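Please work from the sequences and hints to get the whole structure.
With the sequence shown counted from 1, adding 1 to any position gets you this note's numbering.
Derived from the structure by calculation, the hints contain no laboratory data. Any given hint could turn out to be false.
[To be verified] Think about it this way: if two alpha-carbon atoms lie no more than 27 Å apart in a straight line, the pair counts; the simulated DSS-like pairs of lysine-lysine are: (1) 61 x 26; (2) 224 x 61; (3) 223 x 136; (4) 104 x 214; (5) 223 x 3; (6) 71 x 45; (7) 162 x 283; (8) 71 x 7; (9) 223 x 7; (10) 162 x 16; (11) 16 x 248; (12) 26 x 283; (13) 45 x 61; (14) 115 x 104; (15) 305 x 224.
[What the hints assert, rightly or not] Per label pair, the in silico range of CB-to-CB distance: (16) 181 x 217: 32 to 42 Å; (17) 20 x 118: 40 to 50 Å; (18) 52 x 14: 32 to 42 Å.
Fair warning: this is a prediction, and the values are worked out from it, not measured in the lab. Cβ coordinates follow ideal geometry from the N, Cα and C atoms, glycine included.
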Amino acid sequence: MKLCTKCSTRKACLKRPKTGDPLCKECFFEAFEEEIHWTITTFKLFNPGEYVAIAASGGKDSTVLAHVIKLLNDRYGYGIRLVLLSIDEGITGYRDDSLETVKRNEHQYNIPLKILSYKDLYGWTMDKIVAAIGKRSNCTFCGVFRRQALDRGAMQLGVTKMVTGHNADDIAETVIMNILRGDIARLRRCTSIVTGSDGLIPRSKPFKYTYEKEIVMYAHFKKLDYFSTECIYSPNAYRGHARAYIKNLELQDPLAILNIIYSGECMDVRDDVRLPSKRTCKRCGYISSQEVCKACVMLEGLNKGIPRLGIGKTSKVNKKIENLKISSDRRIKGGDELKNVNIANDSNDKANKCTNNDNQASDTCKNKIKSSLLKETTLDW
Numbered sequence: 002m003k004l005c006t007k008c009s010t011r012k013a014c015l016k017r018p019k020t021g022d023p024l025c026k027e028c029f030f031e032a033f034e035e036e037i038h039w040t041i042t043t044f045k046l047f048n049p050g051e052y053v054a055i056a057a058s059g060g061k062d063s064t065v066l067a068h069v070i071k072l073l074n075d076r077y078g079y080g081i082r083l084v085l086l087s088i089d090e091g092i093t094g095y096r097d098d099s100l101e102t103v104k105r106n107e108h109q110y111n112i113p114l115k116i117l118s119y120k121d122l123y124g125w126t127m128d129k130i131v132a133a134i135g136k137r138s139n140c141t142f143c144g145v146f147r148r149q150a151l152d153r154g155a156m157q158l159g160v161t162k163m164v165t166g167h168n169a170d171d172i173a174e175t176v177i178m179n180i181l182r183g184d185i186a187r188l189r190r191c192t193s194i195v196t197g198s199d200g201l202i203p204r205s206k207p208f209k210y211t212y213e214k215e216i217v218m219y220a221h222f223k224k225l226d227y228f229s230t231e232c233i234y235s236p237n238a239y240r241g242h243a244r245a246y247i248k249n250l251e252l253q254d255p256l257a258i259l260n261i262i263y264s265g266e267c268m269d270v271r272d273d274v275r276l277p278s279k280r281t282c283k284r285c286g287y288i289s290s291q292e293v294c295k296a297c298v299m300l301e302g303l304n305k306g307i308p309r310l311g312i313g314k315t316s317k318v319n320k321k322i323e324n325l326k327i328s329s330d331r332r333i334k335g336g337d338e339l340k341n342v343n344i345a346n347d348s349n350d351k352a353n354k355c356t357n358n359d360n361q362a363s364d365t366c367k368n369k370i371k372s373s374l375l376k377e378t379t380l381d382w
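The following block contains the structure:
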């Protein structure tokens, strides 16, 4: 076994995925933690006295995030207060088990925990949503509801900032997805390390430059308590195609992930290509680019038995709703017009009948007059 390339004293027990350097556990832990500290301080993610929520799912990313943020806060004196915020989507056999992990983390890290559920917020669980819509596009519903649920939970807690466990792999996948979808305006947001400056509680991504493989290795060698089962509904997600593509690139070049992120950051986006301006939803008051936010549109579709109404861009969905109203109005109007046409036809039939009767009467009268005239003419002869 080779010696660690950093300390040159201990035997290397792993090869760091990002650089390929053989490292011992202790040097890997130090490199991993210092990289996160560098990201936090370079981008000024925290200020002393802030109350920060950690979006916790019980998975490897959020568990390692909670562990490292707690450790660095104690080591470097960030001066921040921490709280775990979890969302219960209502996925039997997955989320209920992962939440048990989060509850254990609460005591392991001595960080308070708050849990919000889709059932309480929206009246629906993901199990019921999938039963209504099927496994296709279910991640769209979950993503929209989860983002809003996290914001609502953060507001209830009164936190000043929120951190999420999005890692470098996640961000690279999002860059690829936005390019494939032609959604260039979202490139700026998906590569930003801090988002939510448009009236929402700011979110930051301390793992922006941290590889998923390194997070797994850190959790493994630290023997952290985390939930490793994949969501039962995620295998059909569109993101899976981007993930497979990036994993293949990583096999050829470990730096491909960072290069994709840098490309997304440096891509020149014209000033006229931008996200719609934000306003508040007229129904729930949540920040939205439309009069009615995406979550409310989706809930309307679910509650009215047309769940696919909420799929696609909100502007297009609003057109669908408007078209449905127009079609309904046309059907009603069309029924009235048909009724009027039938009435008019009946009236015409009656009028024609009367006219025919009148014509028959007139012909009879003419024949009588003609007969009388013939008689008179004969008499004259």
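Going down the list of hints, with the structure as the test:
no., hint, in the structure
1, 61 x 26, "18 Å, holds"
2, 224 x 61, "11 Å, holds"
3, 223 x 136, "36 Å, violated"
4, 104 x 214, "25 Å, holds"
5, 223 x 3, "22 Å, holds"
6, 71 x 45, "17 Å, holds"
7, 162 x 283, "25 Å, holds"
8, 71 x 7, "25 Å, holds"
9, 223 x 7, "19 Å, holds"
10, 162 x 16, "35 Å, violated"
11, 16 x 248, "17 Å, holds"
12, 26 x 283, "54 Å, violated"
13, 45 x 61, "24 Å, holds"
14, 115 x 104, "10 Å, holds"
15, 305 x 224, "48 Å, violated"
16, 181 x 217: 32 to 42 Å, "26 Å, violated"
17, 20 x 118: 40 to 50 Å, "42 Å, holds"
18, 52 x 14: 32 to 42 Å, "38 Å, holds"
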